[in-house]
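Novice: These protein sequences, in sequence, are chains A and B. First residue of the first sequence? That's 1 in full-length UniProt numbering, and the numbers climb one at a time after it. First residue of the second sequence? That's 1 in full-length UniProt numbering, and the numbers climb one at a time after it.
Keep in mind that the hints were calculated from the coordinates and are not lab data. Each hint can be trusted.
Computed footprint of chain A on chain B; a stretch qualifies when at least three of its residues, placed anywhere within it, have a C-beta under 8 Å from a C-beta of chain A:
1) 7–15
2) 27–40
3) 122–132
Just so it is clear, CB atoms sit at the ideal spot from N, CA and C, and this is done for glycine as well.
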Amino acid sequence: MTGKIEILAPGPFATVQDLGRPGYAAVGVGRSGAADRGSLKLANRLVGNPETHAALEVTLGGLRLRVSEHTVVAVTGAQLPIRAGGRAAAVGAPIVLRPGDELELGVASLGLRSYLAVRGGLDVPPVLGARATDTLGKLGPPVLAAGMSLPIGSVVQRSPCVDLAPLRRLAEEPLLRLEPGPRLDWFTPSALSTLLTGAYTVTSDLDRVGVRLDGPALTRARVGELAPEAAVPGALQVPPSGVPILFLADHPVTGGYPVAAVVDEDDLDLAAQLRPGQRVRFTFPKLAASD
Amino acid sequence: MSQPSTVLRYGRSALLVEVDDVLGFQAACEAAQPEGVVELVPAARTLLVRFDRTSTDSATLARSLASLSTVDVSERSADTVTLQVRYDGADLADVAEAIGLSVSEVVQRHSAATYVAAFCGFAPGFAYLTGLDPVLHLPRRSTPRTRVPAGAVAIAGEYSAIYPHPSPGGWNLLGHSDAQVWDVGREQPNLLVPGTRVRFEAIR
Numbered sequence: 001m002t003g004k005i006e007i008l009a010p011g012p013f014a015t016v017q018d019l020g021r022p023g024y025a026a027v028g029v030g031r032s033g034a035a036d037r038g039s040l041k042l043a044n045r046l047v048g049n050p051e052t053h054a055a056l057e058v059t060l061g062g063l064r065l066r067v068s069e070h071t072v073v074a075v076t077g078a079q080l081p082i083r084a085g086g087r088a089a090a091v092g093a094p095i096v097l098r099p100g101d102e103l104e105l106g107v108a109s110l111g112l113r114s115y116l117a118v119r120g121g122l123d124v125p126p127v128l129g130a131r132a133t134d135t136l137g138k139l140g141p142p143v144l145a146a147g148m149s150l151p152i153g154s155v156v157q158r159s160p161c162v163d164l165a166p167l168r169r170l171a172e173e174p175l176l177r178l179e180p181g182p183r184l185d186w187f188t189p190s191a192l193s194t195l196l197t198g199a200y201t202v203t204s205d206l207d208r209v210g211v212r213l214d215g216p217a218l219t220r221a222r223v224g225e226l227a228p229e230a231a232v233p234g235a236l237q238v239p240p241s242g243v244p245i246l247f248l249a250d251h252p253v254t255g256g257y258p259v260a261a262v263v264d265e266d267d268l269d270l271a272a273q274l275r276p277g278q279r280v281r282f283t284f285p286k287l288a289a290s291d
Numbered sequence: 001m002s003q004p005s006t007v008l009r010y011g012r013s014a015l016l017v018e019v020d021d022v023l024g025f026q027a028a029c030e031a032a033q034p035e036g037v038v039e040l041v042p043a044a045r046t047l048l049v050r051f052d053r054t055s056t057d058s059a060t061l062a063r064s065l066a067s068l069s070t071v072d073v074s075e076r077s078a079d080t081v082t083l084q085v086r087y088d089g090a091d092l093a094d095v096a097e098a099i100g101l102s103v104s105e106v107v108q109r110h111s112a113a114t115y116v117a118a119f120c121g122f123a124p125g126f127a128y129l130t131g132l133d134p135v136l137h138l139p140r141r142s143t144p145r146t147r148v149p150a151g152a153v154a155i156a157g158e159y160s161a162i163y164p165h166p167s168p169g170g171w172n173l174l175g176h177s178d179a180q181v182w183d184v185g186r187e188q189p190n191l192l193v194p195g196t197r198v199r200f201e202a203i204r
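My request is simple: use the sequences and hints to build the entire structure.
Specialist: See the structure below:
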């Protein structure tokens with residue numbers, strides 16, 4: 001018999017996420033899935049799940065849940081206090097829960113998104129092969145609300161003999177690597193240096209679709225409209241205001257504004273941890289010769 | 001037959017190919033199956049080619065793509081979907097007035113054409129249909145509606161479309177169809193996959 005978790009309070013915003021549904025972009029469905037994929041995979045590994053299992057993605061902490069039976073959970077991603085069954089627990093470590101135990105995430109002090117994996121994964125019904133909530137495409141499980149109950153699955157791997165995963169501390173002022181975007185030539189030659197030297201601030205206009213930044217505007221060299229074209233996560237799309245929007249997991253499949261630069265996909269997990277008010281800097285490493 | 005005009009880098013795992021005949025170039029990619037390609041995403045003037053960077057690199061893949069020639073897909077026996085439309089849209093009269101035709105002429109011109117689903121975006125199942133009568137090319141409404149009903153048949157610019165879900169939208173509404181263009185319960189949830197031919201049949 002498998003158990004369930006009961007959501008007592010979801011915090012500001014929480015969803016079920018896995019690694020998403022790749023391969024449907026041509027029919028208008030984006031990949032979606034965890035915004036910080038590395039943290040989702042780690043949370044799964046810590047409880048002995050396949051990395052692809054569904055877990056909770058919690059924004060800014062504040063989530064409370066109760067488990068129906070003995071299980072192991074792990075929380076990764078943002079830095080926040082955790083209480084489990086009335087005791088303090090740590091980010092990045094397996095946490096054993098007894099039937100009826102409550103788990104409570106405090107407010108995130110660094111980073112934005114936490115991933116809470118349960119041994120066995122969350123066995124909500126898949127849609128187009130994934131258990132991810134696509135907030136833009138309105139696909140997958142509903143956004144979490146108090147009173148919801150989520151079934152725990154039974155597919156597991158051997159329990160890992162790990163007490164604590166070493167985690168890189170999130171930076172106060174993250175540095176994201178860029179490379180030129182496909183439409184950089186729609187902007188004046190100073191656009192890249194504006195991006196690299198400008199101090200950009202993360203606004204509160206931020207969700208799983210993207211992050212609206214505040215900072216120096218890029219100047220267009222070409223006027224006119226761009227015909228819609230496909231986008232990738234990490235794209236810095238530049239609307240008429242000139243100030244870029246950074247696309248995250250639920251970005252539109254096709255977009256109509258030129259993309260001036262792209263955040264390196266290896267830095268997308270860091271980008272998903274940007275929080276409102278935080279400053280972010282960009283760097284432009286030389287392209288590797290093999291690339 | 002034509003070749004891609006430009007192959008642009010788009011991050012470390014994708015290339016963006018500018019080509020006149022997007023669906024023809026997509027067909028060429030599908031036939032050639034260059035090493036490492038994982039997904040093709042057509043849009044208005046471009047094809048996004050996503051690849052697995054553990055099995056190829058962008059320079060190698062760009063060279064293979066640049067050497068491909070488009071395949072003529074216009075004569076392909078693609079599926080034709082006929083959708084019944086009740087032309088009762090909220091913008092029908094405004095559209096007729098804007099182009100100086102009667103409402104029945106607008107309906108006649110919109111339902112006479114054969115469309116091709118060129119690409120999707122905006123929302124799951126939202127297909128941009130090319131083939132709209134140039135007389136009907138109009139800009140979007142200056143103020144988008146906060147809610148367009150599912151099934152709304154609409155036009156904007158050079159495209160026509162059907163809204164698969166209730167959503168905000170700025171397109172000009174000509175009518176509505178009861179056809180289920182999107183259903184996640186179907187094996188192919190989207191009725192209007194790129195390449196599908198579409199006809200509209202006016203009903204009363």
